[in-house]
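Student: Sequences are here, hints too, so could you generate the full structure?
Chains as they are written, first to last, in the working numbering: chain A, 1 to 197; chain B, 1 to 197; chain C, 1 to 247.
For the record, the hints were derived by calculation from the structure and aren't laboratory data. Fair warning: there could be bad hints in the mix.
To be verified - In silico EDC-like links for lysine to aspartate or glutamate, alpha-carbon gap of 20 Å or less:
hint : chain 1 : residue 1 : chain 2 : residue 2
1    : C       : K200      : C       : E186
2    : B       : K163      : C       : E239
3    : C       : K138      : A       : E72
4    : B       : K121      : C       : D53
5    : B       : K70       : A       : E32
6    : C       : K138      : A       : E78
7    : A       : K103      : C       : D152
8    : A       : K25       : B       : E164
9    : A       : K121      : C       : E137
10   : A       : K70       : B       : E5
11   : C       : K107      : B       : E113
12   : C       : K138      : A       : E32
13   : A       : K70       : C       : D53
14   : B       : K103      : C       : E104
15   : B       : K121      : C       : E186
16   : A       : K118      : C       : D132
17   : C       : K116      : B       : E164
18   : C       : K107      : B       : E37
19   : A       : K121      : C       : D132
20   : B       : K25       : B       : E37
Each chain, letter by letter, is given below.
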Amino acid sequence: MERNEIKAVIEGLLFVSGDEGIDRKQIAQVLEIDVKELDPFIDELKKSYEASDRGMSIVEYAGSLQFVTKPEHAVFYERLVETPGHSTLSQAALETLAIIAYKQPITRSEIEEVRGVKTEKPLQTLSAKGLVKEVGRAEGTGRAILYGTTKAFLEHFGLQSLKELPPLPENIQEESVEQEADLFFSKFQESLTVEDQ
Amino acid sequence: MERNEIKAVIEGLLFVSGDEGIDRKQIAQVLEIDVKELDPFIDELKKSYEASDRGMSIVEYAGSLQFVTKPEHAVFYERLVETPGHSTLSQAALETLAIIAYKQPITRSEIEEVRGVKTEKPLQTLSAKGLVKEVGRAEGTGRAILYGTTKAFLEHFGLQSLKELPPLPENIQEESVEQEADLFFSKFQESLTVEDQ
Amino acid sequence: MQYSVKLDGFEGPLDLLLHLIQTYEVDIYDIPVAIITEQYLQYIHTMKELKLDVASEYLVMAATLLAIKSKMLLPKHEEELFDHQMELEMEEDPRDELVRRLVEYRKYKHAADELKERESARSLIYTRQPADLSPFEKEEKEKQVTNVTLYDMLQAMQRVFQEKVARAPKQTTIERQEIPIETRMEQIKNSLLSVGGRKKFTELFEKGTKEHVVVTFLAILELMKVKSINCEQKDHFSEIYITMLEE
Chain A
1 MERNEIKAVI
11 EGLLFVSGDE
21 GIDRKQIAQV
31 LEIDVKELDP
41 FIDELKKSYE
51 ASDRGMSIVE
61 YAGSLQFVTK
71 PEHAVFYERL
81 VETPGHSTLS
91 QAALETLAII
101 AYKQPITRSE
111 IEEVRGVKTE
121 KPLQTLSAKG
131 LVKEVGRAEG
141 TGRAILYGTT
151 KAFLEHFGLQ
161 SLKELPPLPE
171 NIQEESVEQE
181 ADLFFSKFQE
191 SLTVEDQ
Chain B
1 MERNEIKAVI
11 EGLLFVSGDE
21 GIDRKQIAQV
31 LEIDVKELDP
41 FIDELKKSYE
51 ASDRGMSIVE
61 YAGSLQFVTK
71 PEHAVFYERL
81 VETPGHSTLS
91 QAALETLAII
101 AYKQPITRSE
111 IEEVRGVKTE
121 KPLQTLSAKG
131 LVKEVGRAEG
141 TGRAILYGTT
151 KAFLEHFGLQ
161 SLKELPPLPE
171 NIQEESVEQE
181 ADLFFSKFQE
191 SLTVEDQ
Chain C
1 MQYSVKLDGF
11 EGPLDLLLHL
21 IQTYEVDIYD
31 IPVAIITEQY
41 LQYIHTMKEL
51 KLDVASEYLV
61 MAATLLAIKS
71 KMLLPKHEEE
81 LFDHQMELEM
91 EEDPRDELVR
101 RLVEYRKYKH
111 AADELKERES
121 ARSLIYTRQP
131 ADLSPFEKEE
141 KEKQVTNVTL
151 YDMLQAMQRV
161 FQEKVARAPK
171 QTTIERQEIP
181 IETRMEQIKN
191 SLLSVGGRKK
201 FTELFEKGTK
211 EHVVVTFLAI
221 LELMKVKSIN
231 CEQKDHFSEI
241 YITMLEE
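Tutor: Laid out in C-alpha cells, this is it:
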C-alpha cells in the first residue's frame, strides 16, 4: 500500500467514525498493517491539522482518535446553531427520542442495545430540553432508571396523546423479509453451481 | 477576518454538518461575509482535498456542500462493521420512485396506471425513507394526495437538482437481459416438461 | 408455503409482458398476440403451481390479452365490405392501448435501472452524522426545540433500524445451521425409497423452518433436473405426487 493512500484512509476513517472516534487498533485492522506502523502517519496527520487554515484538530481520548473543531472557532458554531434552518436536536438525540417514544418505559441500556452506541449524552440533552424524564425504576438488580416522554414532548409534536404517534413504517419488518428472499436466491444459485460441476 | 481563518471555519462547518450538508448561504451567514466572496475559498478547499493523500472530497448535493469519502477507498470503510452500508431500494420502490421523479406531482392511482400494479407498499417505504413526500392534493373529487421527491431523494442518488436526472429514453433497444427469475422459471418449466413426457 | 416474496421476480403484468417480448425477440409495436398470450398464461399457471399469490392484476391482464386475441381473430370477410384504404385509416388495432402502456412502462423501468446504478455508485462513498452541536447552544436556548417534526423522528427511527440491520449479519450468520442441498437430495431419495418410491409433495415439507422449506424445494427441482424423480399432478390444484425413477 502506498504511503499517500494510508494517510488518506486514516483521514477518511477519522471522518466517518464521527463523534464515536476510532482507536488505533481498529485503524490498523482496516489497513491491514501493524499498529506500530501507524504512528508516523498519525503524527503527520495531527501536525497538518495544526495549521491555522485548518478547521479541525485530532484528539485522542482513552485511546480513541477523533476529529474535533478548534476551540478558537467556537463563536462560529454558536452562530451556526442560531441560523434559521438549523435543527436543534442532533441525530443522536432524535434517534434516542424516537426509541423512547415508541418503546417507553425503557432503560438506557435497552436504548443502547437498539442504537448500538453509548447514549448518555443524547439522554442528557433530551432531559435538559424537557422532552424525556425518569418515569420509574426497572425491577431487578440495579433498578435502572426507566425513561419516558413528557407532556412537553406531546406539545412540541402537536400530539394529543401517545396513541397519535404515526405507526412505525412496515419496511422495518420488510428488511428481514428481504433477507429471506436473499437466502432463497443464494441457495438457488448454489444449486446451479453444483449442477455446473 | 483573516483568509486562513475563513478557510478553516468553512472546513469546520462542513465537518460538523456531516451528511446533512450546509449551503453556501448558511456558511456566509456564519462567517458574516457576502455569499459571493465564498467561491474562491470553497474552490481552494475543494482542490486541496483532491490530493491523493486526502481521505475526503467535497460534493454538492441538493444545493448543500458536504464532505464524503472517496469511492476508491470504499473497500476500507466496508471493513468497519459499525458503518451502516447504504440500504438499497427494491425494484418496486425504484420503479415507483422513477415515475414520481419524472412525473411529479403525481397521485398514487396515476403511478399504478403506469406500473400496472398496486403501489401502496413501495410508496410507504419511500415515504418512510423520506425519499418522497406529499406535496399537495389533486383537484376534483377525492382530492387525492399528490407525491413528489424530497431533498433526501437528491442526496440518496447524489444529484445536485432534479435537472440532473437523465432524460427519459424514448426508444429503447433492449439487449437481452438474463434475469434470475427467468432462470428460475425455465428450470421449473423444464421440469414440468420432463414430467409431461 | 407462502413464497409471495419477490420470488416471481416480476413487478407486475406489464413487467412480465416486457420480459416475454424480450425473450421471444418480438417487435413491441407488432406483438404476435397468440404466442405472447399463450406464454403469459403459462407463467400464471406456473406461479399457481408454486402456490404463489397471483395478484389480481395478472388475471386482469390475462383477460385483456384474451380479449385482444379474439378481436384480432374476427372474421376477415366483413372487412372486405369496406374500402381498403378507409379501413387502414379508420380501424384501430386492438393492441394499440396495450402497446402504449408497455412503451410507457418500459421508459420508467429503464429510468429505475439508471437510478439503481446511481444508487450503487453512491454506496461507495461514506459520510458521517452531523456532529452534536448542543455544547454550542446558549444556556437560555437550551429549553427550546425548533425545526424538529414528527417526520424527522420517524426518519430517525428508520435510521436506527437500518443501522441495526447493518450490524446484525456478523452476529447471526454463524449460528445458522446450513443444510447442503446435496444432503437434502439424499434425504428425499431415502424417504421415497422407505415408502416404496412414491410420496405426496407436501409430506416432504413437514419441518416448518423456512430454510428447510427452501432447501427442500430446491432439492426437488434439482432431483427433477437430473431425472431422479418425477412429479405428477392429476388436476390443477390437486396433490402433487413425487415418484422415484429408476437409476
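Student: Let me make sure I understand: some of the numbered hints might not hold for this structure. Which ones are they, in numerical order?
Tutor: 2, 8, 12, 13, 15 and 18
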